[in-house]
Structure formats: C-alpha cells, structure tokens
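Chain H is fixed; fit chain R with the ligand onto it per the hints.
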Amino acid sequence: MGAAGSKLEKALGDQFPEGERYFGLENFGNTCYCNSVLQALYFCVPFREQLLEYYGNNKTQGDADDNLLTCLAELFSQICSQKKKTGVIAPKRFVQRVKKQNELFRSYMHQDAHEFLNFLLNELVDILEKESNAAKASPETSSPSEKTANGPRSLQPNGVQKEPLVTWVHKNFQGILTNETRCLRCETVTARDETFLDLSLDIEQNSSITSCLRNFSSTETLNAEDKFFCDKCCSLQEAQKRMKIKKPPHILVIHLKRFKYIEQLGRYKKLSYRVVFPLELKLSNTVEDADSEYSLFAVVVHVGSGPNHGHYVSLVKSHNHWLFFDDENVEMIDESAVQTFFGSAQEYSSNTDHGYILFYESLK
Amino acid sequence: MSASNAQSPGLKTYFKTPEGRYKLQYEKTHPSGLLHYSHGKVVTQVTFAQLKDKPVPQPTPASSTLSSTSGVRLAAARLLGGGNGSRALSFVGGNGTSKTVSGNSRIGSLVGHGVSGSTNGPISSNYDGKGTYLIFNVGDTLFVSDFNSQDKDPIKAIHFSNSNPVCHAFDPEAKDGHDLVIGLSSGDVYSVSLRQQLQDLGKKLVGAQHYNKDGTLNNSRCTSIAWVPEGDGLFVVAHADGNLYIYEKNKDGTGDSSFPVIKDPTQYSVAHARSSKSNAISRWHICQGSINNISFSVDGMFLATVGRDGYLRVFDYSKEQLICGGKSYYGALLCCAWSPDSKYILTGGEEDLVQVWSMDDRKVVAWGEGHNSWVSGVAFDPFWSPPSSDNTGEGVMYRFGSVGQDTQLLLWDLVMDEIVVPLRRCPPGGSPTFSGGSPHAIWDNVSPVGTLQAAPSIRDVPKLSPVVAHRVHAEPLSGLIFTHESVLTVCREGHLKIWMRPGHAENQSSSGSETLLGGLKDKPILTNKVGSSSLRQ
Ligand SMILES: [Zn+2]
Numbered sequence: 001m002g003a004a005g006s007k008l009e010k011a012l013g014d015q016f017p018e019g020e021r022y023f024g025l026e027n028f029g030n031t032c033y034c035n036s037v038l039q040a041l042y043f044c045v046p047f048r049e050q051l052l053e054y055y056g057n058n059k060t061q062g063d064a065d066d067n068l069l070t071c072l073a074e075l076f077s078q079i080c081s082q083k084k085k086t087g088v089i090a091p092k093r094f095v096q097r098v099k100k101q102n103e104l105f106r107s108y109m110h111q112d113a114h115e116f117l118n119f120l121l122n123e124l125v126d127i128l129e130k131e132s133n134a135a136k137a138s139p140e141t142s143s144p145s146e147k148t149a150n151g152p153r154s155l156q157p158n159g160v161q162k163e164p165l166v167t168w169v170h171k172n173f174q175g176i177l178t179n180e181t182r183c184l185r186c187e188t189v190t191a192r193d194e195t196f197l198d199l200s201l202d203i204e205q206n207s208s209i210t211s212c213l214r215n216f217s218s219t220e221t222l223n224a225e226d227k228f229f230c231d232k233c234c235s236l237q238e239a240q241k242r243m244k245i246k247k248p249p250h251i252l253v254i255h256l257k258r259f260k261y262i263e264q265l266g267r268y269k270k271l272s273y274r275v276v277f278p279l280e281l282k283l284s285n286t287v288e289d290a291d292s293e294y295s296l297f298a299v300v301v302h303v304g305s306g307p308n309h310g311h312y313v314s315l316v317k318s319h320n321h322w323l324f325f326d327d328e329n330v331e332m333i334d335e336s337a338v339q340t341f342f343g344s345a346q347e348y349s350s351n352t353d354h355g356y357i358l359f360y361e362s363l364k
Numbered sequence: 001m002s003a004s005n006a007q008s009p010g011l012k013t014y015f016k017t018p019e020g021r022y023k024l025q026y027e028k029t030h031p032s033g034l035l036h037y038s039h040g041k042v043v044t045q046v047t048f049a050q051l052k053d054k055p056v057p058q059p060t061p062a063s064s065t066l067s068s069t070s071g072v073r074l075a076a077a078r079l080l081g082g083g084n085g086s087r088a089l090s091f092v093g094g095n096g097t098s099k100t101v102s103g104n105s106r107i108g109s110l111v112g113h114g115v116s117g118s119t120n121g122p123i124s125s126n127y128d129g130k131g132t133y134l135i136f137n138v139g140d141t142l143f144v145s146d147f148n149s150q151d152k153d154p155i156k157a158i159h160f161s162n163s164n165p166v167c168h169a170f171d172p173e174a175k176d177g178h179d180l181v182i183g184l185s186s187g188d189v190y191s192v193s194l195r196q197q198l199q200d201l202g203k204k205l206v207g208a209q210h211y212n213k214d215g216t217l218n219n220s221r222c223t224s225i226a227w228v229p230e231g232d233g234l235f236v237v238a239h240a241d242g243n244l245y246i247y248e249k250n251k252d253g254t255g256d257s258s259f260p261v262i263k264d265p266t267q268y269s270v271a272h273a274r275s276s277k278s279n280a281i282s283r284w285h286i287c288q289g290s291i292n293n294i295s296f297s298v299d300g301m302f303l304a305t306v307g308r309d310g311y312l313r314v315f316d317y318s319k320e321q322l323i324c325g326g327k328s329y330y331g332a333l334l335c336c337a338w339s340p341d342s343k344y345i346l347t348g349g350e351e352d353l354v355q356v357w358s359m360d361d362r363k364v365v366a367w368g369e370g371h372n373s374w375v376s377g378v379a380f381d382p383f384w385s386p387p388s389s390d391n392t393g394e395g396v397m398y399r400f401g402s403v404g405q406d407t408q409l410l411l412w413d414l415v416m417d418e419i420v421v422p423l424r425r426c427p428p429g430g431s432p433t434f435s436g437g438s439p440h441a442i443w444d445n446v447s448p449v450g451t452l453q454a455a456p457s458i459r460d461v462p463k464l465s466p467v468v469a470h471r472v473h474a475e476p477l478s479g480l481i482f483t484h485e486s487v488l489t490v491c492r493e494g495h496l497k498i499w500m501r502p503g504h505a506e507n508q509s510s511s512g513s514e515t516l517l518g519g520l521k522d523k524p525i526l527t528n529k530v531g532s533s534s535l536r537q
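These protein sequence lines map, in sequence, to chains H and R. Under UniProt numbering, the first residue of the first sequence carries the number 1, and numbering increases by one thereafter. Under UniProt numbering, the first residue of the second sequence carries the number 1, and numbering increases by one thereafter.
No lab work stands behind these hints: they were computed from the structure. Quick caveat, the model's predicted, so the values are computed rather than measured. In this text, a Cβ means the ideal position worked out from N, Cα and C, and glycines have one as well. You can take every hint at face value.
In the EDC-like style, the derived pairs of lysine to aspartate or glutamate whose C-alpha atoms are separated by at most 16 Å in a straight line are:
{"hint": "1", "chain 1": "R", "residue 1": "LYS327", "chain 2": "H", "residue 2": "GLU293"}
{"hint": "2", "chain 1": "H", "residue 1": "LYS269", "chain 2": "H", "residue 2": "GLU347"}
{"hint": "3", "chain 1": "R", "residue 1": "LYS327", "chain 2": "H", "residue 2": "GLU280"}
{"hint": "4", "chain 1": "R", "residue 1": "LYS41", "chain 2": "H", "residue 2": "GLU335"}
{"hint": "5", "chain 1": "R", "residue 1": "LYS41", "chain 2": "H", "residue 2": "ASP353"}
{"hint": "6", "chain 1": "R", "residue 1": "LYS41", "chain 2": "H", "residue 2": "ASP334"}
{"hint": "7", "chain 1": "H", "residue 1": "LYS99", "chain 2": "H", "residue 2": "ASP66"}
{"hint": "8", "chain 1": "R", "residue 1": "LYS327", "chain 2": "H", "residue 2": "ASP291"}
{"hint": "9", "chain 1": "H", "residue 1": "LYS84", "chain 2": "H", "residue 2": "GLU18"}
Covered stretches of chain R, going by a simulated chain H footprint (3 or more residues, C-beta under 8 Å):
{"hint": "10", "segment": "453 to 461"}
{"hint": "11", "segment": "471 to 483"}
Next comes chain H alone, as it looks inside the complex (with noise of 0.2 Å):
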C-alpha cells in the first residue's frame, strides 16, 4: 500500500495540494459501497469543512453520544490529520455504526450506494435536528444550526407547529421542487413544495444527464383513474403537472435510476444506458431562470451487470485534478477518463463501469 501511495504522490509530484490528504479506505466485506460515498463526501468540501468546524466545536463536550455524525466526523478528522499525504485508512468505528444503526446495512450483501448515501444524509440531519432541539431547552448552550424566516414548510405531518431547521447539511445538499398542477376546468394552478437532498432521474439510452433532467420536468397529463382533486372544483378533475426546481441546492446530487425492477422478470435490472455527464451544468428545469453553472465534482460508479453483486468505486475532483479511488486504492487518472464510465450504447458490452451518483457543485 505504501508503493501505491508513493506512486501517487511521485504523479501529482510539486503539485500535490497543500495540505490535503489522499488516502484509500479499507474494505470490510462489501462495504465499497460506503467508501465510494465517504471519498465523494469527503471532497465535497463545503461539507468536509463545516463537519470538521462541528467536531471541533462539539468534541469538547466529551464522548458522550457516540453517533453517525461524530463518527464520520471522527473519520474524517482521521484522515485529515494524518502526517503522511497519501495511504489507508480502515473506518471501523464508523462502518460498525452504521451496521449497529440500520439492520438494512448489517450483512456482508451487495449494498446500494444510493440508499446508503440517503440513510446517511437523512442521519445526519435528524442528529442535528435533535441537538438543536436539546439546545432550545437549555439555553445556555448554543445551537449548532439556525433557523431562517423563509425556509420550506415542514414535510412532517405530526400536528405540532414546528419551524423547519435548516442545519448545514441542509444548507449544503437541500433544494427545493415545486410540484405546479394545473386544472383543465377551472386553470387553477395549484403548487406544492417539497424538499430534497438529491434528484433520483430516470434514464434512456444514448441521453445526457441534461435531457433526463428536462424529464424530470416534462408536463405529465392527469386523467382516467390518475385524476387529480381539484380543491376549487371540489371535484375529481383531469390536470396537467410538472416539476420545477423551486431552489437549486448548492451540492447538487443527481442518482442515476440504473436499478429498474422488470414486472415480466420479477426482479431488478441494471439499466447499463450510456448517459453522458458534462463537466459543467446548468439547470434549465428551474421556476425562475436560474442560469447558474454547476462544476462536477465526483462521481460514485457502479461496476457491474446486476444490481444484487458488483463494486463501487469513485472518481473525484480535487484541486483541478481528477482522482480514482477503489477502497484502499488511489490513483491519478486523466479528465478526459470520466467519460469511460458513461455507460454502454449497447447492451451487451463488455463495458460495466457505470456513473450511478454524480454530486455538482454550485459555482456560485
């Protein structure tokens, strides 16, 4: 391991970036598909710095609640810290908490990147959502997120008025879509916002992650037995809906649907669809003309033919160099190799390497 790190580092040579870290992560039976997510992660580094400020900030306050969030910013840390610029890591601590937190990720299975990208998102938001809560009720200390006066409207049900927190996890992955339905009879537009931390896209063969999007957006017509109920009508109607982003995220993560269940077979499928990613990207599904670019920044790849076996791996941006990361393995690799985990034009090609999340950044 120590050769490879070297190799690395004789590649990147002068250039290698002050003070950052390049350091594969051991595997642990299948758990490639949480390293993949860890390294995008970890160089999303909006993310990576607003976690280590929270553990640096909270860590004094003693190991009292071993959690998710205090063990991927231990991790994270970890490798931060670390004398040496390139090498391995093993993130026990954290892959037991995750098997000790979710049954889902406890056997040795092939897991989805994806869902544990949206477990882990998710944990980590209602970690910090209780901590400010626990914060309110003591006042002395201070809370570790803020509110804001025009933040989205709380999805939860429960009847109990509840501001909606927006904690930096949120202000780093959350956007918001407007979901406008519009009544044939009486044109009355009805809009409902809803939020998210990443976009999950259906895909075609031979597209771009642009034409997907504008799916995603397409008008979709209400009627027969999916009519929609018109509050002003009072009456089943036929509508016209389409989704708009209301508010773009900063981190933009889009999860290419490439796991489909088949009715006829019974089971899922890998979708090996090429659909071409730009290094750069605008939204043009967006309510207000948003025009702002977008810059990729890493990308979780899926190898593999079948969705229940296969390996993770990712490609990631860091100082304007593009880095291959398989567990305990880095290496260089040049810009234009992205486009080699596009995805097949034909089904039946050797070609198994696959984008399945991309996260872009905002360059705004």
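Only chain R with the ligand this time, still in chain H's reference frame:
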C-alpha cells in the same frame, strides 16, 4: 439495394423532409472482427475525398480496367453535376487540371505510377471507382471505402503500429502528390498521397512525410486537422493540450523545431519557429484544455476553434489575430462548421444545443434545441437551395444538419428575416433583461475585436426546432457530411450510412408530398421568442 440494415433492427431506412424522402443507399463499415476496444476508445471520424485527376490511361495495352475507369469517370462527372463550384466539398468535375499533375521526387519511386502523367504505369485493380472515397479511422486502422460502390467493406486498410489515427483531412486542390494528412493519438502527423496508398497493396502507410515525430514537438493527442484553403500545402493540427501547429507539407522538418515556453497558459499567443528550417512553422496557443475541433471558412480567411473550455474562437488566419468568440451555454464544445458564405458558424457541444454564431453580430443568434444528448457533428448543407420563391416573404436561407450522441440526425432551417434582423433592431425596453452589461451595448454595437462573449442567458437567444429528427444508427454519432447527392452519417464505432437526397435515390418513390415526422409537425419550425416579439412591436 443495400438498405437492409441488418445490424440495427428498428431503424428506418428512410426519413421524410419537407422536400421529400431521404433514402438509405449504402452502408460502409469495417471488418467486424476488429478488436478496436483493446486500443482504447477511438472515435471514428470520416473524410470525404475526391481524386479529381485520374491518371491518363496508357494508350498501348488497352486493359479493360483502364478503359472502364475512364468510362466511369465520365459517369461520375455527370452524377456529381460537373464543376458546380463548391470548393468546400471539392465537387469539381472529373476533367483533369494541369496543376495536379506534377512529379515529386521526395515521395519516392511509386508515385510516378499515379501522379506524373509521363510515367504512367499499370494501376492496381483495387482502385477503379469513380474517384470518390471515404476515409475513416477505427482503432489503429485507417480505412478507405469507395464512396460510389455498393460494397460495404473498405477497399483499403492502413495499420498504424504504435498509435491510433484520430483525425484526417483531404485537400482536393493539392498541388502535388500529398493530399491526405493524418493526425495520431500520439501527436504524430503524416502527410501522404491518397492515390499512392490506393495503388499500394500493403497494409502500411507508403511514401509518407512524418511530422512531430514521436511527439518531439507536442506529445498530446491530435484532435483535429485541416488544410489551409488556398494555403499552398499548409495545414493546421490541433492538439489536446490547447495548442495548434501550422506545418508546411513540402518542407523538410530537420531543423530545430522547438518553440518558446508558453508564459501565460490562460492567454492566446502565437510563436514562430526559431529556425527557418523548422516544421512546424508556428504554434498557436489557443486555450487551456483540449481544442476539440477546428474549421476554416471556405475562403480561408478565418479559422474557428472550439474546445474543452466551452469557447468558440474565431481568428483572422493570416493576421494571426483573435477576432471574436463566445462561451457555450455550459460544458465543452465538440464541433464547429462554417456556412458556405462564411457568415455563420455552427457549434455543437455538451449542452445538447446547436448554436448559430453570426460573424456580423459577433454573437450567438439562435439555439437549436432537439438533441437528447451531446452534439458531436454539425454542418451546413452547401447544396441546399431555398424552396422557390413562390410564397414571397420569409425565405429559408440556410439548411444545416447536426448529429448527436443520441444517435439522431437533425435537419434545421435557418430563416434569416425572422432571426437575425430583428435582433439587431431590437428596440430599447422591448427586450427582456440581459445578464451582464447594458443591453444597448450588446444589441446596438458589435463587441470590439478580440473579445470573447460570456455564455448567453437562456431567455436571450431565439430557439430553433428541427424540421427533421431521425434516429440513424444504433450507436452515438460522430459526424456528418453533405454531398451533392446525399448526406452521410457516421457513428463512433465506425459504421457509415449514405442517405440519398430526394430525387437521387436509385429506386425513387413519389416523395414530394410527404409530411413531416410525427411529433414534429405540430411544433412551429421556428420559435423565436426574442426576435418575433420585438418584430411585432
Ligand atoms: Zn379545478
């Protein structure tokens, strides 16, 4: 008919346009056993080549090959409509012009058979088409197919042992034997005589001149190569590191070919070779990141480049001066092409758009929306003539085509009255908000020479919709070429299709009254948000 299309079920062998039906006439491909995956992913590009001047047949042993060749040549001249003056695609009639016939001692002994009229030898029988060829690269091989034959397989394969050919260009006006230039992924560049390759029975390049040998000058991948129009043997090679080099084909490259270090990689700079014996003769540093495609205006006055940084740049070639350019909506630009009158440039790229750049306005004047993936090839149709002016008023001035990684060929009509003129006369206040800068500065004045425009805002650019959208291959496409009688499409994996224009197909069916493809007909041909609204004010 070879339009069976066995390998791609579900693909139609024709498509309908307002002027009639385009029919799949020929397919060209390469031996299927070729394992080009092992050579890394190389995208197939295609070059159209017409050898204008067939060697004069020897009068004495009247071989059947030679007499049929001259007979076919007459047919080719008839088919191609003789000298119809399009230099862009080199459809000059089959009659010989004297300037092409000249001996060249540098090339070696073989060349005498093909080029020099005085020493005509026997011509091998694998070379007896109409003089029109398609040159395309797949993996480590460069293939040549006879454009007019029904034969799917190439007539010639040239293997490269150390690197892959990635770009190539043919000069129909070549004044001596070397008319084909080839750029490799190693950065190496060759010039050869196409005729000489066709006469040779081997699988190697013959009689080649080698430039940037082993990447001594630049070891990054060649990305695009072009002859300088009327350039007397000059050609330009663009590289993946943002530099382009100008070479002279008749010059020995033995001199010191080093160039000074680029001081500021973010700035455009030109360096001339220190030694007069050097070949390349100059280096232009265009941008950071790859130059993806270059294109000369037909008159040779301007050179356009597009690249990884998303910028289109237009240079005055002889003055070596940056004239204008602009940023894509987002992402890299992948391809560019000039209108036959050098007034407009098409670009295509990673934002799934075809952009129309106006040289008069020095900005983007229209966006073509219709691809579902990256746009990998664009071209104006130089043979398009607007429908007869029976309905006076807005006339279709340009026809252009685009191909994308969505496997589609799209055809577009650009109506000048609707788009360009209203934009320039856009009244103050009548226009939507503009991002960055005063709207008056943008609309009333053309930006100063040498400045690059920022990415346009989505609402500022009039949108076009295609008149035709047709899925032509199973694989993502990489290029298209308009010829007098057809449009040619090529996919990344090296399969070519030739679609005959209405009225040119072999078994022609009635076509004139065909309607548009479903789904497109209910869309207006032109959605002109900015222009039309201001026109009506
Ligand atoms: Zn209603």
